[in-house]
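Visitor: Just so you know, the sequences run in chain order A and U. Mapping of the first sequence onto numbering that gives the first Met the number 0: position 2 corresponds to residue 1, and the numbering continues sequentially without gaps. Mapping of the second sequence onto numbering that gives the first Met the number 0: position 123 corresponds to residue 122, and the numbering continues sequentially without gaps.
Just so you know, these hints were derived from the structure itself, not from any lab. Beta carbons are placed, not taken as given, at the ideal position from N, Cα and C, and that holds for glycine. Treat the hints with care, as some may be off.
Listed next, the stretches of chain U that the computed footprint assigns to chain A, with coverage defined by at least 3 CB atoms under 8 angstroms from CB atoms of chain A [what the hints assert, rightly or not]:
| # | region |
| --- | --- |
| 1 | 70-77 |
| 2 | 136-144 |
| 3 | 153-161 |
| 4 | 201-207 |
| 5 | 238-251 |
Derived list of chain U stretches under chain A, where covered just means 3 residues or more per stretch with a C-beta under 8 angstroms from a C-beta of chain A [to be verified]:
| # | region |
| --- | --- |
| 6 | 210-220 |
| 7 | 227-233 |
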Amino acid sequence: MNGSVATISSCLLVTWELNGSLLPPSKRNVRAKWYHPRVGDSVCVPSSASAVQAATVASRHSALVRITHWITALCFLALLVSGAEIVISHPRFYWGETGNDLTPTLFKLPIPASRNLVPTGYGYVLPDQNGWSRYLHFQSAWIVILTGLLYVISGFVTGHLRKSLLPDRADLSWRALMTSIASHLRFERPSEAEAWSYNVLQRLSYLSVIFVLFPFVIWTGLAMSPAFVSAIPAAVNVLGGQQSARTLHFFVSLALVLFLLVHVGMVWFAGFWSRMRAMITGRAAIDTERT
Amino acid sequence: MSKISRRKLITTGIAAAAGVAGLGVADRIAQKYVLVPPDHGGIYGLGETLTYASQRLLTRHSLAREFTRSQISKPPFANEIAPLSEEFKRLQAGGFADWRLSVNGMVARPASFTLAQLKSYPAQSQITMVQCEEGWSYIAEWIGVPLSRILQAVEVHPQAKYVIYFSIEPDWWESIDMADALHPQTFLTYGMNGDELPVSSGGPLRLRVSRQLGYKSVKFITHLTVTDGLKGFGKGLGSASPEGGYAWYAGI
């Protein structure tokens, strides 16, 4: 008698467990869905009046945004390191079509070079790293361009660019901009809403990086390619020459490095781990969790 | 684990089959139009192949920018060259009268040219830029005979895909595909800025490849081989550059 009860109950238990794991995920995760509402990549500030009240985390960044963000971050790092290595072989900059050791410079970087022909004022020559640096530079450029295209095209299709990055008309008033700039300059802690929606200065700087600096760094890079400009000479002619393109490429890269420093600094200031968590797992804490 | 629906299975299967077929077609096209560089192996093969293939499709017939006489760099710049070999010095002492350019491989009539014979072809000139991978550049007038004229003289086989060119100096060789070899601005250069080509700039004979970086324009050329494959030469990477860590295709 006892044995049969035990058998029946264990059968029930097994059935219950099987049900739990065999149900399609959409049915099985009903509760989980409340905890992690999918809202795509749009801004979502769950209302406290809704059933989400008890939840602790919610969706912040879509998988596509997260993946393209980190691929871009890795590629940018590779481009930066390899670009610096390439510059070291000739740390002199010029304006116009040509420039070499016999011509006057626009400016020189006060660093030693990896070639002994360059007059640097240093008594030693750094090792030549250009081979792998160039291979890595162009490979990373390809990956970041394809990733960027995927991001921008999907951003237009899903409305991510319009919803998350295009500033509201009201925020673009002189007064609103000044308020935002002033609050940044006072190093005020970002409001809770900013964990869910970018502020106007963030939106403008992200848009400038995506639609001004990245296209310009790609353009000035291509303008240095002898084969590319043989097909499209205007790409280099309008920049004032091949050496001008090289100098501009250097300055746009510096602007991107400046953006990276401010970006990482702001992430640190806003709460490094919560922001990192949002960009890695896609989820952010709803309540006033501070790091 | 999640249940895989039949529809998903079928669409994934079709997509995979299309992908494999697509790769197959892409490979056939790449083989036919020579869109894969010889140094496509290794971790940087993806970037190199994308660069080479896209530029071959974009620049097959495009001409390198030409400049005006007033834009020629003064004084002319010449990159450092390694100490020259005894053989070079012997030929230099004889005024390069015994300098020979031999051409063999996939040609109907292998031949050997003296400088005088090369100069007997109508001379052409171009004012183009030399760009070094390091970042510096200069503009010069280059005078010589288009490589295509010499390849025509030795009657290149139609299945030829590359021309390999060798310097008299050891371990200094490069190769280009037929798009560059037959390109009207690819010169066997013996003159510069209205004068003889100085030794410091690659004299008596330099192969000028105007749409690629300076390191493809090898100095002191003595030998050309026409081939349909680069496997048997050196490490099979196409030229000495990839063996030293630099890209074979330098059109960037």
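Visitor: For each hint, tell me whether it holds in the structure or not.
Guide: Hints versus structure:
1. Coverage of the region 70-77 of chain U by chain A holds in this model, with 4 residues showing a Cβ closer than 8 angstroms to a Cβ of that chain against a need of three.
2. Beta-carbon proximity to chain A at under 8 angstroms applies to 3 residues in the region 136-144 of chain U; the threshold of 3 is reached and the given coverage holds.
3. A count of 0 residues in the region 153-161 of chain U with a Cβ less than 8 angstroms from any Cβ of chain A is obtained; the coverage claim is therefore unmet, three being the minimum.
4. Against chain A, the region 201-207 of chain U contributes 0 residues with a C-beta closer than 8 angstroms to a partner C-beta. That does not satisfy the three-residue criterion, and the hint is violated.
5. Here's how the region 238-251 of chain U fares: 6 of its residues keep a CB closer than 8 angstroms to some CB of chain A, so the rule of at least three is met and the hint holds.
6. With 3 residues having a Cβ less than 8 angstroms from any Cβ of chain A, the region 210-220 of chain U passes the three-residue criterion, so the hint holds.
7. Note: the region 227-233 of chain U has 0 residues with beta-carbon separation from chain A under 8 angstroms; the three-residue rule is not met and the coverage is violated.
Hint check: violations occur at hints 3, 4 and 7; the rest are consistent with the structure.
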